[in-house]
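Trainee: Which chain is which? The protein sequence lines are A and B, in order. Counting in my numbering, the first sequence runs from 53 upward without gaps. Counting in my numbering, the second sequence runs from 5 upward without gaps.
Accuracy of the hints is not assured; some may be wrong.
As the list claims (entries may be wrong) - Reference excerpt, derived from the structure (chain A facing chain B, CB under 8 Å, subset only):
hint	residue
1	Leu84
2	Gly93
3	Glu105
Said to hold, decoys possible - Under the rule of at most 30 Å between Cα atoms (straight-line distance), these lysine-lysine pairs were calculated in the DSSO-like manner:
hint	chain 1	residue 1	chain 2	residue 2
4	A	Lys140	B	Lys23
5	B	Lys76	A	Lys74
6	B	Lys28	A	Lys140
7	A	Lys71	B	Lys76
8	A	Lys74	B	Lys21
9	B	Lys46	A	Lys71
10	A	Lys82	B	Lys13
11	B	Lys76	B	Lys33
12	A	Lys71	B	Lys41
13	A	Lys94	B	Lys28
14	B	Lys28	A	Lys97
15	B	Lys63	B	Lys23
16	A	Lys82	B	Lys46
17	A	Lys140	B	Lys51
18	B	Lys46	A	Lys74
Source of the hints: derived by calculation from the structure; they are not laboratory data. For every residue, glycine included, the Cβ atom is placed at its ideal position computed from N, Cα and C.
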Amino acid sequence: MVIVDYLRKIFAVSPCYSKNIKEEETRVDKVLAFLHSGETGKRIKKEIGLDPEGLESYALSRKDHEIIGNIKKEKIGIVQKGDAIRDKIESIKTEEGQISGHFFIMFDGNQIPYESFFVVLNQLVNEKKSVVFACRSDSPGISQERKDIEDFELFLLEKKYRVKLPDGQCGCWGFRTDDLYKIAVCGSGFEIELDILTSFLDNKILSSFVHIPVESPKVSDFDPIHNIDKMFYLADKLRLTKDFVLNAMEEFETTTGRKLDEEYKEGVIQLTFPEMEKDVDRITPVFPGYVLSAECNVRCNKKDCEFGDKIGVSSDSDYY
Amino acid sequence: MTKSEFSIKKSSPICGKTKSQIEKEFEVKVEHGHNPKFSKTKRVELKSNTHITDSLILKVSGSWDKVAQFIKVARS
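All chains should be modelled from the sequences, with the hints used to inform the complete structure.
Mentor: Structure (structure tokens):
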């Protein structure tokens, strides 16, 4: 028998942006239909043990940010995903006042199977994890070039935090709202997930990971320029110098035997890095003395991966 | 009491109705409205005689069935 907790809320945010407005509207309809279906309500109660009435859904569409004269929107044709999620987090904080004890889940409305909502929620509620990131199973849902770049970004995090992470940018994650005040979210675009991941690491909170299957989106809003935006963001946040990044790039290619996209490498070389003092590229491990390793570091080659298969280090408190 | 925030479709039959009419008809509470054309972040409590248009993002609350029903109509 499941004991239902009637006090907890679930804030479910799903960005549904697409360059194709009709596609975007369809995504919003589907996400809302899923979240507020009778079946979802029953599963929240029976499988998760929460009251479905505590669900608050936010299907984000371009309309939410349709400001007259929005230069950003005219320029790139889409809303900055990070900005939208950050706005939503802030508005939830403001409206709720006291936000502890609840759950926040984000899942992309374009390529994440809705089942993942339950997988992440179950980890947060029943497995008592503080932060859960979904990671891609065998099918990455993105091009090999982009996957290599994302792995390189994780490699930089590994160097900074001395922790191996299997993924962090597949578009599905959640956390307990108790930790919301510990993190300062400032990413404005596709770097939002790296921002959240690193913000928790800065607070010595290690994420848990669950495998999910990710579909390839029919229409992707991702542009290769976003990779450079992410690099600038990481350099700024992790205080990395250009020399450090270029050396890491070489090391990544040597150790993994994978070649990063030439255009990306050229972009990083051309990029003006944020200015910083001379000795700040000294890397300080956040978890000194440990090199934490997720069990499955080759996230997409795990042939026997089952849906929702748990991998990696998951305890938030075992390491400090 | 579940809540949901979403944009209203132009073709929806709720466009043109007032907030109070909607609350009475669908038995939901309109928590606030947000017109992104004027402000990215400002949410305001709508007056009872405010007409709903497709420019608005509404946040509604109510019982599970009533909110689900309202979403269906507002997104139709």
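Trainee: Hint by hint, note whether the structure agrees.
Mentor: Evaluation of the provided hints:
1. Leu84: Where the cut-off is 8 Å and the nearest Cβ of chain B is about 5 Å from A:Leu84, the hint holds.
2. Gly93: This hint holds: A:Gly93 lies near chain B, its Cβ roughly 5 Å from the closest one there, short of 8 Å.
3. Glu105: With a minimum Cβ separation of about 5 Å from chain B (threshold 8 Å), the hint on A:Glu105 holds.
4. A:Lys140 - B:Lys23: holds (23 Å)
5. B:Lys76 - A:Lys74: holds (17 Å)
6. B:Lys28 - A:Lys140: Holds. B:Lys28 to A:Lys140 sits at ~28 Å (cutoff 30 Å).
7. A:Lys71 - B:Lys76: holds (24 Å)
8. A:Lys74 - B:Lys21: holds (25 Å)
9. B:Lys46 - A:Lys71: holds (25 Å)
10. A:Lys82 - B:Lys13: Within the cut-off at roughly 14 Å; holds.
11. B:Lys76 - B:Lys33: Holds, at about 16 Å.
12. A:Lys71 - B:Lys41: Holds, at about 19 Å.
13. A:Lys94 - B:Lys28: Distance of about 27 Å is within 30 Å: holds.
14. B:Lys28 - A:Lys97: holds (29 Å)
15. B:Lys63 - B:Lys23: holds (12 Å)
16. A:Lys82 - B:Lys46: At roughly 27 Å apart (the allowed maximum being 30 Å), B:Lys46 and A:Lys82 satisfy the hint.
17. A:Lys140 - B:Lys51: Judged against 30 Å, a Cα distance of about 23 Å means the pair holds.
18. B:Lys46 - A:Lys74: holds (26 Å)
In terms of the numbered hints stated before, the structure departs from none.
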